[in-house]
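Protein chains in written order, with UniProt numbering: chain U, 1 to 575; chain A, 1 to 575.
One thing to keep in mind: the hints can contain errors.
A pair holds if it fits inside one copy or across any two, identical chains being indistinguishable in the list.
Simulated crosslink set (DSSO-like; lysine-lysine; CA at most 27 Å straight-line) [claimed, not checked]: (1) K448 / K408; (2) K353 / K122; (3) K353 / K276; (4) K177 / K276; (5) K310 / K353; (6) K408 / K353; (7) K79 / K448; (8) K177 / K310; (9) K195 / K177; (10) K177 / K79; (11) K195 / K353; (12) K499 / K32; (13) K177 / K32.
These aren't lab readings, by the way, just hints derived from the structure by calculation.
2 protein chains.
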Amino acid sequence: MEGCRAPLLNGWITPFIMGFLLCMSIPLASAKVRRYRWEVTYELQSPDCLEKLVIAINGRTPGPTIMAQQGDTVIVEVKNGLLTENTAIHWHGIRQIGTPWSDGTEGVTQCPILPGETFVYKFVVDRPGTYIYHAHYGMQRSAGLYGSIHVSLPDGISEPFAYDYDRNIVLNDWWHKTTHEQAAGLSSIPFVWVKEPQSLLINGRGWFNCSQAGTAVCNSTNPQCSPFVLTVVPGKTYRLRISSLASLSAFNFEIEGHNMTVVETDGHYVEPFVVKNLNIYSGETYSVLVVADQEPSRNYWAALNVVSRKPDTPTGLAIFNYYPNHPRRRPPTAPPAGPLWNDTEYRLNQSLKIRARRGYVYPPPTTTDRVITLLNTQNRIDGHTRWAVNNISFTLPHTPYLIALKHKLHHTFSQSAPPETYDRANYDIFKQAANPNATYSDAVYRLKFNSTVDIILQNANSMVPNNSETHPWHLHGHDFWVLGHGPGVFDPVNDPLRKYNLVDPIMKNTVAVHPYGWTAIRFVADNPGVWAFHCHIESHFFMGMGIVFEEGVERVGRLPAAIMGCGDSHRLPRH
Amino acid sequence: MEGCRAPLLNGWITPFIMGFLLCMSIPLASAKVRRYRWEVTYELQSPDCLEKLVIAINGRTPGPTIMAQQGDTVIVEVKNGLLTENTAIHWHGIRQIGTPWSDGTEGVTQCPILPGETFVYKFVVDRPGTYIYHAHYGMQRSAGLYGSIHVSLPDGISEPFAYDYDRNIVLNDWWHKTTHEQAAGLSSIPFVWVKEPQSLLINGRGWFNCSQAGTAVCNSTNPQCSPFVLTVVPGKTYRLRISSLASLSAFNFEIEGHNMTVVETDGHYVEPFVVKNLNIYSGETYSVLVVADQEPSRNYWAALNVVSRKPDTPTGLAIFNYYPNHPRRRPPTAPPAGPLWNDTEYRLNQSLKIRARRGYVYPPPTTTDRVITLLNTQNRIDGHTRWAVNNISFTLPHTPYLIALKHKLHHTFSQSAPPETYDRANYDIFKQAANPNATYSDAVYRLKFNSTVDIILQNANSMVPNNSETHPWHLHGHDFWVLGHGPGVFDPVNDPLRKYNLVDPIMKNTVAVHPYGWTAIRFVADNPGVWAFHCHIESHFFMGMGIVFEEGVERVGRLPAAIMGCGDSHRLPRH
């Protein structure tokens with residue numbers, strides 16, 4: 001156990017991954033196997049009072065929360081109970097060290113799971129913290145296929161902060177159009193956009209005004225859409241594990257009249273800081289501590305507001321219920337409206353506050369082996385509206401990269417090297433750009449194993465005048481250090497010197513790139529496999545906003561036959 | 001060419017299949033390869049003015065009409081352009097002699113085609129006539145994936161009837177709920193029924209009253225939903241090739257003021273008879289001759305009405321336009337309302353009129369080797385509403401039967417023999433029956449190769465009091481002789497003697513079983529393969545109303561690797 005705790009307590013010295021490997025080599029006395037049996041099905045449900053087909057796990061959306069302890073092996077048997085649709089589930093934030101085929105990323109690490117078939121995901125949860133899982137196939141996440149993963153510390157080890165109760169808060173946005181229809185619109189010429197969500201969900205519950213429901217089945221008294229109630233005992237401290245599975249929206253979450261102390265993000269301890277409200281982007285998780293320290297004779301609103309995009313969705317509401325008040329008693333006040341939706345500086349400043357907690361810092365390598373600059377743009381290709389990085393709009397191949405790279409099926413995807421940067425001298429990120437040379441590609445960034453890689457994510461104007469969106473980028477298979485954020489164009493000479501935090505940067509798996517801004521990250525390519533890196537907005541990745549990294553694929557063991565069955569993997573021998 | 005024509009003209013003597021094989025052994029001078037490249041995609045369309053996602057082929061629903069000549073080889077490269085859904089296409093009425101893997105029946109003859117992949121169907125169209133194609137996977141046919149196949153005679157050979165022009169009429173029913181939602185409802189407890197269709201489509205065009213559309217996009221002036229116009233020249237004779245792809249409805253088709261002479265059904269010439277209107281069931285095709293012999297100064301309605309179920313859908317309308325009147329000029333009269341919806345006798349009598357055309361009769365074997373009686377009932381199993389035959393509700397296995405039987409993967413489906421009959425002595429077909437012993441099964445009827453098989457389809461009351469539905473049963477891989485239809489309970493002693501037509505029965509691939517009635521068919525199990533036989537109502541087959549026959553599977557050649565990739569076919573060696 002000492003070998004395992006050492007890197008946590010002594011992280012200034014021991015490199016992170018080294019420490020982890022050391023930890024793995026010493027069996028944890030408490031390590032268990034956590035086995036789940038799930039069936040994925042379509043269900044008619046009313047998350048925001050309007051009846052709609054959802055994709056559920058064992059009948060529920062959000063799906064069951066996976067509860068495990070650090071070092072446990074999680075086995076999830078996923079039976080695809082859909083009629084004609086395949087599926088795949090990604091374990092977001094779990095690095096899949098030694099099990100890259102369990103990452104659940106269709107087209108990257110596996111073929112999809114066919115209807116009627118069962119795929120077994122098996123992986124070790126090597127770090128404590130708050131993670132999520134969700135479909136990584138088409139836009140199925142938007143249809144409701146998602147949930148939480150909570151990994152606790154081994155017995156006898158404590159978090160570096162105290163709380164009385166642990167509660168889960170999953171945030172999402174919700175549309176009434178099916179994801180099939182949304183996707184068809186995104187692929188159409190002219191482009192058909194689903195517009196802003198009809199409602200925001202807190203733990204799967206929202207509220208839509210049924211008087212606007214037309215001929216749809218909508219019942220505002222359906223218990224499925226009664227607001228989530230978080231009951232608190234006066235004086236107690238609550239750890240809220242907040243995660244965003246949003247398809248599109250950047251969120252601001254606030255509990256009326258209560259401060260929140262941020263203590264964890266993406267499985268890493270944060271040097272505590274206090275906020276009135278928390279900005280959270282799709283794919284991020286946060287733990288915040290909230291003390292029930294307000295006047296206890298009433299209830300308070302928990303409010304979810306859209307930021308970064310001009311909101312056209314009512315505030316999502318839950319009830320922060322002081323025991324023993326009636327849990328359904330509406331607070332007497334108006335719900336918090338959140339910060340100004342277009343106050344980018346407010347959000348940038350909150351991002352800059354997030355640093356690793358003292359005593360739990362893993363310092364990054366002080367130098368890097370490679371810098372890849374990724375310009376994020378909206379483009380038009382052959383009449384289609386797309387997103388691109390460095391003018392390349394990503395498409396998934398039909399043979400998953402992990403199989404293609406391991407088995408050298410090089411004809412299954414482009415062998416050209418994707419660009420390391422963009423034409424910085426001539427590109428004006430503040431202007432609507434035509435980007436006339438944008439192309440589709442499924443080429444891969446191949447990384448030298450164990451090398452250190454910096455990524456500069458450079459935001460730009462979209463195809464709409466005076467508009468730049470927030471893009472939360474998520475890296476599979478790794479945590480990265482967040483070296484810095486800044487407004488405007490990244491300056492490769494001065495910004496690393498003046499704006500990089502090489503002392504106590506937070507490690508994360510998902511980070512926002514703010515409108516017209518840049519975000520710099522660093523990671524070590526030490527996890528053999530093939531890993532997606534993409535904007536976590538469901539439609540943006542669908543429209544090409546992503547890339548793929550390969551590193552040390554020659555070190556990956558024999559691939560399980562269960563990930564094969566599509567594209568050219570058909571032709572491989574099976575065992 | 002003589003070798004090929006012989007069985008048609010001399011069918012009284014030459015057994016049908018023998019004649020076909022003879023034909024195949026003599027290369028037709030005119031035999032061509034007809035190659036089609038299709039992409040299956042979701043599209044936003046408005047077939048009845050209300051915008052809805054449809055599954056289209058090359059952007060259209062109905063898809064392209066396949067035009068070929070007898071003896072041609074048809075090659076259809078189907079690219080699955082759906083995002084997360086698989087597909088498979090069945091060539092309905094094509095017997096697939098020698099190509100049982102091209103039947104396109106997911107779970108029976110192939111694994112589904114994955115998104116992004118291309119499957120090549122290749123088969124010979126060995127008989128002239130009117131056929132259809134459609135998805136045979138989940139309920140995708142209902143989403144719009146269907147079209148027509150027209151096979152003409154070889155050059156220099158004429159039909160035994162004359163006409164000036166050949167026109168295609170495809171009939172369908174249409175719902176606004178997605179097929180995913182419909183299927184989820186059918187699988188739910190309690191059962192959720194989609195109810196009657198919102199509109200009826202003639203060549204893919206219907207009309208819905210947009211004032212009832214709620215918040216849906218609906219535009220009654222959208223050209224996509226302008227009525228189909230059939231322009232005729234006064235005095236000319238039109239061959240209308242009419243087919244029904246209905247998901248649910250039994251149809252009656254009528255052209256106001258014009259008689260129709262029935263001359264073909266399911267690729268077989270009919271001894272001509274005249275009708276005022278034509279009953280047509282899902283999966284059937286008819287050719288009728290219509291003479292433009294009415295007052296030419298006006299247009300007339302072509303009207304599509306629902307029969308057998310109490311209609312709750314407006315009459316489907318097309319315009320029978322006398323040239324040179326304006327094609328959009330509405331006829332001055334009310335559209336035909338069709339026969340009484342519940343006049344079963346009227347429909348039974350029309351069925352009884354359908355006999356093989358003189359000179360084109362293929363007499364059936366006079367005796368049979370096996371009689372299988374199939375009681376059609378509605379059942380409840382574990383709380384689910386289901387259909388069953390002989391109390392067995394069919395489920396598809398995950399390894400297609402053709403692969404499982406050829407490769408002896410006997411663990412992949414039930415090896416028990418499904419029942420040959422039901423408890424005739426104690427079952428009252430006129431009563432609501434609880435059928436408490438109904439079970440699910442994927443067992444197969446194994447037929448002796450080249451044996452003659454009779455099937456007695458016995459209808460019964462559904463779970464609704466005083467209700468019995470019409471079930472159009474479709475047999476893959478064969479035509480069958482329609483030996484007889486009758487009301488009430490089939491009498492195995494007297495009905496074969498008194499009611500069977502062994503002289504000039506029509507051959508078909510789809511035949512209706514009328515409410516509370518029976519239908520007897522005969523076929524020769526001479527086509528090596530595995531063949532579905534099922535109610536062609538999309539929801540009924542989905543709910544278990546079907547069986548599967550195996551015959552001579554040991555004679556089937558090496559299976560193409562392309563049909564594999566699901567269930568236990570993964571494990572087979574590939575070449």
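Against the structure, the hints:
no., hint, verdict
1, K448 / K408, "within (17 Å within a copy, 48 Å between copies)"
2, K353 / K122, "neither (35 Å within a copy, 64 Å between copies)"
3, K353 / K276, "within (14 Å within a copy, 81 Å between copies)"
4, K177 / K276, "neither (34 Å within a copy, 44 Å between copies)"
5, K310 / K353, "within (25 Å within a copy, 67 Å between copies)"
6, K408 / K353, "neither (44 Å within a copy, 64 Å between copies)"
7, K79 / K448, "neither (37 Å within a copy, 37 Å between copies)"
8, K177 / K310, "within (20 Å within a copy, 31 Å between copies)"
9, K195 / K177, "both (10 Å within a copy, 21 Å between copies)"
10, K177 / K79, "both (26 Å within a copy, 26 Å between copies)"
11, K195 / K353, "neither (32 Å within a copy, 57 Å between copies)"
12, K499 / K32, "neither (43 Å within a copy, 71 Å between copies)"
13, K177 / K32, "neither (42 Å within a copy, 45 Å between copies)"
Of the numbered hints given earlier, the model fails hints 2, 4, 6, 7, 11, 12 and 13; all others are met.
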